[in-house]
Structure formats: C-alpha cells, structure tokens
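The whole structure should be built from the sequences, with the hints applied where relevant.
Protein chains: 2
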Amino acid sequence: MQTFKIDPSEFKSQHENGSLSRAESAYVILQSAILKGLLNPGQKLDFETLQTEIGYSSGTIREALTQLKSDGLVKSEVRRGYFVAEVSLKEFLEITELRCILEPLALSKSIAEGDDEWESNLVLAHHKLSKIERGSDKSTSLPSYEWPSVHKNFHEALVSACPSKNLLSMRESLFKQSERYRFLAATMRTHKRDPIIEHLEIFQATLDRNAELASKLITDHLNHTSEHLREILVNKQLIL
Amino acid sequence: MQTFKIDPSEFKSQHENGSLSRAESAYVILQSAILKGLLNPGQKLDFETLQTEIGYSSGTIREALTQLKSDGLVKSEVRRGYFVAEVSLKEFLEITELRCILEPLALSKSIAEGDDEWESNLVLAHHKLSKIERGSDKSTSLPSYEWPSVHKNFHEALVSACPSKNLLSMRESLFKQSERYRFLAATMRTHKRDPIIEHLEIFQATLDRNAELASKLITDHLNHTSEHLREILVNKQLIL
DNA sequence: ATCAATATTATTTTCGAAAATAAATATATT
DNA sequence: AATATATTTATTTTCGAAAATAATATTGAT
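Chains as they are written, first to last, in numbering that gives the first Met the number 0: chain A, 0 to 239; chain B, 0 to 239.
Please keep in mind that the hints were generated in silico from the structure rather than gathered at the bench.
Hints are not guaranteed to be accurate.
For identical chains, the list gives no copy identity; a pair is met inside one copy or between any two copies.
Listed next, the in silico EDC-like pairs over lysine to aspartate or glutamate satisfying Cα-Cα at most 20 Å (straight line) [as the list claims (entries may be wrong)]:
| no. | residue 1 | residue 2 |
| --- | --- | --- |
| 1 | K164 | E85 |
| 2 | K108 | E90 |
| 3 | K164 | E90 |
| 4 | K89 | E112 |
| 5 | K215 | D45 |
| 6 | K74 | E171 |
| 7 | K164 | E76 |
| 8 | K108 | E230 |
| 9 | K11 | E23 |
| 10 | K164 | E116 |
| 11 | K43 | E226 |
| 12 | K68 | E171 |
| 13 | K164 | D70 |
| 14 | K108 | E93 |
| 15 | K74 | E23 |
| 16 | K11 | D193 |
| 17 | K164 | E93 |
| 18 | K68 | E93 |
| 19 | K130 | E118 |
| 20 | K151 | D193 |
| 21 | K89 | E178 |
| 22 | K74 | D219 |
| 23 | K215 | D6 |
| 24 | K175 | D70 |
| 25 | K74 | E47 |
| 26 | K151 | E96 |
Here you go:
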C-alpha cells in the first residue's frame, strides 16, 4: 500500500469550524494534492489508501472524487476506479488558448459592471500581490508559499464583477488546470520583473475601465506565462 | 410527499445491460427529468422522494446529484439539500452569448482536423436530421419525440473532430443548459423552414471545409434560435 | 507446455442504518 | 403576550459492511 504524503490538517479545520461538509473538505484536500503534484499524473487513486490518508469514509471520498472529475483533475473508468488526470503539452496549449478567449471576455464584463466594492477589493488584492512579488514582506528571496493563493486572488478579483456565472466557472476551471502545470514547472520565482509589471499594467487598465487595453494585456500576460512554463516543462522533459 | 412522475425504465435498462453504473443511470434519469421540465426550477429535491421514484439508494442518488450540480442543472446548499437550478432570461442570454463564442471555435478546429470517418459520420447525422425535420418519416406533422436527440447528434457530429476536450465539454455543458430553455418553450416545431435551411447550410460549409463561413452560419443559427425562444418564453411569461 | 475453465483474491459499487445537523414545536420565564 | 430555551421531528451527511464485478491465480484437459 502506497502513501500519498497528504497533510489534511489545514483543510480539515474548515470542516470542524462547520463551514464545509466532510465531502467538501476531502475535495479541497485532494484538489490541493493534485495541483501541487503530490499525486502523480496517471496515478491510481484507490479508496483504501485515500481513506487512511485523509481519514474519511469511502463514501465521502467517493463524493469528492466525483467532483474532482468534473474539474478535469481526475478521470474514472466504470468499475476500474479513479485516476489522476494525465498532463500533456498539447493539453496545456489548449488550455492557454481557451483562457486567452475567456479571461479577456470575463474581464471586460467585469469592468463594465464593477461597482465601488469591486474596485476596492481589487485594489486590496493587487496590493497584497505586489507586496509579495516585490518580496517586501521579508528580504529573503525564498518564494513565498502564499504566492499561489494571493496570485489566484488577484486574478479572481479582476473578473469578480462579471455577471455570467457560467463564464466565471469555466474560467475558474481553466485557471485550476493551469495551476497544475505551474506547480509542475515549480517556478514560483515571483521575483521576476516581467510578471510584476504585467500585473500592475492589467490592474491600472482595469481601474481606468479600459476594457480593450485590459483585454489585450491579460491575453499577453497569459501567453507570456504560458511560453515561460512551456520552455521549462519541455526542457525538464516533464511533459511531452 | 410529492411525486415527480419520472419514468426511469428506459434509462435503467442501460444499467442492467452493464454499460452504466447505477449512479450514472440515476444521473441520466434526473438530467432528462430536469431538461424536460418534469422537475420545476427551484424545486427541492429530497432524497426520500427521489429514492422511491428512481429506486436506488440514497448514496447512489447523492452521487448523481453531485454530478448534476457540476452541470449547473442542480444547486445545493450545505446541510440544506439539493434544488433544481432556477432559470432566467438573463442566464439564457448569457448562455447564448457564450455558445456563440465556443461553438464556432470548436467547429473551426473540427473542420481543420476532421478525417474521413468524421466526415461520413457527419453526413449520416445530417441525413437523419433532415429526414425528421422534413417529416418524411411520417406524413403526420406531430413533432417527433426523437428530434431533440437527433438534433443534438448533428451538432455533436459537427464539432466531434475538435481535439480540445476542454472546449468540447464546455460546449456540451452549454448545449445542455440551452436544451432546458428549449423544452420550457416547448417549441419542437421542426417543420419550420428556417432551421432546416440553416442546418443544411452549416452542413455544406463544413463539408467544404470553409471554417470562416461555417462559423458565421452557426453563430447566426444560434442567435436566430435564441431570439425565437426568447420571444416565446417572454410571451408565455415563463421566465423573467 | 498451452490454453481454457474455475476458484480465489482484490476493488469497486451499492446499500441502508446511525450520527449529525437544522427546522419546527412546545415549554418555561420575564 | 413575547422572548428565550428546551424538546421533538424531519433531513441531510456519514459510515462501514454486504453485494457485485474485475483481476489474478489455480487447476485440469489436450
């Protein structure tokens, strides 16, 4: 019996606090394990192991896996069980292409509809991100473990005023999948100059309510990051 | 205790034949009931009723509901249970707008990649559709109960060679949601002239591998159908 | 020794009862 | 009578054991 080296404690607390059901906790735990690469692409996910790792019953685990499947992070075959979804360069490029269509669309709608609350929330989100990216929290250059969630937060704040729930959930699903490739490349080098400037420019164009410019900038941003990741992934021969 | 008037027999057989798990059967049964409007928007879905209607255990029902939720056909609140998703004109227009972006994209890719098998499959699908739409099966003008699945099949055949699984699953999800509004309007008047011609034109442009024209035609098609449905829905005051 | 048929083992899938939680009702207190 | 507290009832959520199915190993026949 293999072990997955998952540490459920940080997520389980949310269940103890009553805000999440157990199935949801299990979902969050597993999702994080897959995104972070603790579970390898293609790996079999057998209930026995997952139960002992996470602690919940088989039925609860099963519900979490069902949800993960709809995120595209897990695949299943009838009466064959569940597997971590595979990764490929082809898929990564497809995801990027779709993001380049949906992100600017969501952003434009958000810009058109965003109210004062949205605006201040965005200012806050960008402030936190730029602080971390400039490493002003601490003078150490070690990549902040918080960066992924703060970065995610900023991009979510940008589009959060978009009224189309469908669009937002598609966007979120693609964002999640991209995160997986980012972790694979393990390039949380937030001290690079380009992304910092790009985030700032997107932020400013959005506050200026310049949808056209903001759309162009976010598309460029996605393409740059994608190209950067692609190089690393191909060099490291992590995906084919 | 309410009853839903669901007839599970037609879908259950698929489970008996071994091709589907029970949870998947339950999923298909419930999905169909929601799409067809047998279950009303906003309606509470309590396990007891669903169990007696469909016959499977609560755990199996629960798994089906989890999947339905990711299709956007069902919503849930923690420890409050499951509900049929609401409908609204606003959402319908959003769905149409997204379809107008994703369908042409998927179609273009399909045209670029489609092989001979795709082509002959498409010819067949269009043949079946046009046969039903012209009512040549029977001279009665009663709307064929098969039309929805044949129509769905044709649109699926168009895009089936698109290599992006993500794009296809988003497209499918939007298609499903649109179906709901179509059933609501209950306008399976397939004898109308416009949609028949439109299907034919899309079909021809696709076979000609004219991605640009095919894209334009499918967008127009979606907008026309949408406008048609919108009128009916608003007139009947089915959605606000 | 090879292949087919059968038995064993390992996993997934399903079930329905138990625990946990929320809603509704009743009781007590001011 | 109105509000707060306790009790009951109704539902959802969780669990782990039983049934179903697939994978593996064993046996027997050619």
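Comparing the hints with the structure gives:
In this homomeric assembly, K164 and E85 come within 20 Å of each other (Cα to Cα) only across copies, at 13 Å, whereas the closest approach inside a single copy is 28 Å. For a Cα distance limit of 20 Å, the shortest separation of K108 from E90 across copies, 14 Å, qualifies, whereas the shortest one inside one copy, 27 Å, does not. Taking CA atoms no more than 20 Å apart as the test, K164 paired with E90 passes between copies only; the shortest distance there is 8 Å, against 24 Å inside one copy. In this assembly of identical chains, the alpha carbons of K89 and E112 lie at most 20 Å apart only when taken from different copies (14 Å versus 35 Å within one copy).
In this homomeric assembly, K215 and D45 never come within 20 Å of each other (Cα to Cα): the closest approach is 44 Å inside a single copy and 47 Å across copies. Proximity of K74 to E171 under the C-alpha cut-off of 20 Å is found in both arrangements, the shortest distances being 19 Å within a copy and 18 Å between copies. Within a single copy, K164 and E76 get their C-alpha atoms only as close as 30 Å, which misses the 20 Å cut-off; across copies the closest is 17 Å, which meets it. Taking the closest pair of Cα atoms, K108 and E230 never come within 20 Å of each other, the shortest separation being 32 Å inside a single copy and 25 Å across copies.
Within a single copy, K11 and E23 get their C-alpha atoms as close as 10 Å, which meets the 20 Å cut-off; across copies the closest is 29 Å, which misses it. Taking identical chains as interchangeable, the C-alpha atoms of K164 and E116 lie at most 20 Å apart only when both belong to the same chain, with a minimum of 19 Å there against 37 Å between chains. In this assembly of identical chains, K43 and E226 lie within 20 Å of each other by CA distance neither inside one copy nor across copies; the values are 30 Å within and 47 Å between. For the homomeric pair K68 and E171, the shortest alpha-carbon distances inside one copy (15 Å) and between copies (16 Å) are both at most 20 Å.
Taking the shortest alpha-carbon separations for K164 and D70, both the intra-copy value of 16 Å and the inter-copy value of 12 Å come in at or below 20 Å. Taking the shortest Cα distances, K108 and E93 sit within 20 Å of each other only across copies (11 Å), while inside one copy they are farther apart (23 Å). Taking the shortest alpha-carbon separations for K74 and E23, both the intra-copy value of 18 Å and the inter-copy value of 15 Å come in at or below 20 Å. Proximity of K11 and D193 under a CA criterion of 20 Å is satisfied in neither setting, with 37 Å inside one chain copy and 56 Å between copies.
In this assembly of identical chains, K164 and E93 lie within 20 Å of each other by CA distance solely across copies; the values are 9 Å between and 22 Å within a copy. Taking the closest pair of Cα atoms, K68 and E93 come within 20 Å of each other only inside a single copy of the chain (19 Å); across copies the shortest separation is 25 Å, beyond that limit. Taking the shortest alpha-carbon separations for K130 and E118, only the intra-copy value of 18 Å comes in at or below 20 Å, while the best inter-copy value is 55 Å. Taking CA atoms no more than 20 Å apart as the test, K151 paired with D193 passes inside one copy only; the shortest distance there is 17 Å, against 46 Å between copies.
For the homomeric pair K89 and E178, the shortest alpha-carbon distance inside one copy (16 Å) is at most 20 Å, but the shortest distance between copies (31 Å) is not. Within a single copy, K74 and D219 get their C-alpha atoms no closer than 31 Å, and across copies no closer than 35 Å, so neither meets the 20 Å cut-off. Taking identical chains as interchangeable, the C-alpha atoms of K215 and D6 are never at most 20 Å apart, the minima being 40 Å within one chain and 51 Å between chains. Taking the shortest Cα distances, K175 and D70 sit within 20 Å of each other both inside one copy (8 Å) and across copies (17 Å).
For the identical chains of this complex, K74 and E47 are intra-copy neighbours only, at 18 Å inside a copy versus 30 Å across copies, given an alpha-carbon limit of 20 Å. In this assembly of identical chains, K151 and E96 lie within 20 Å of each other by CA distance solely inside one copy; the values are 19 Å within and 26 Å between copies.
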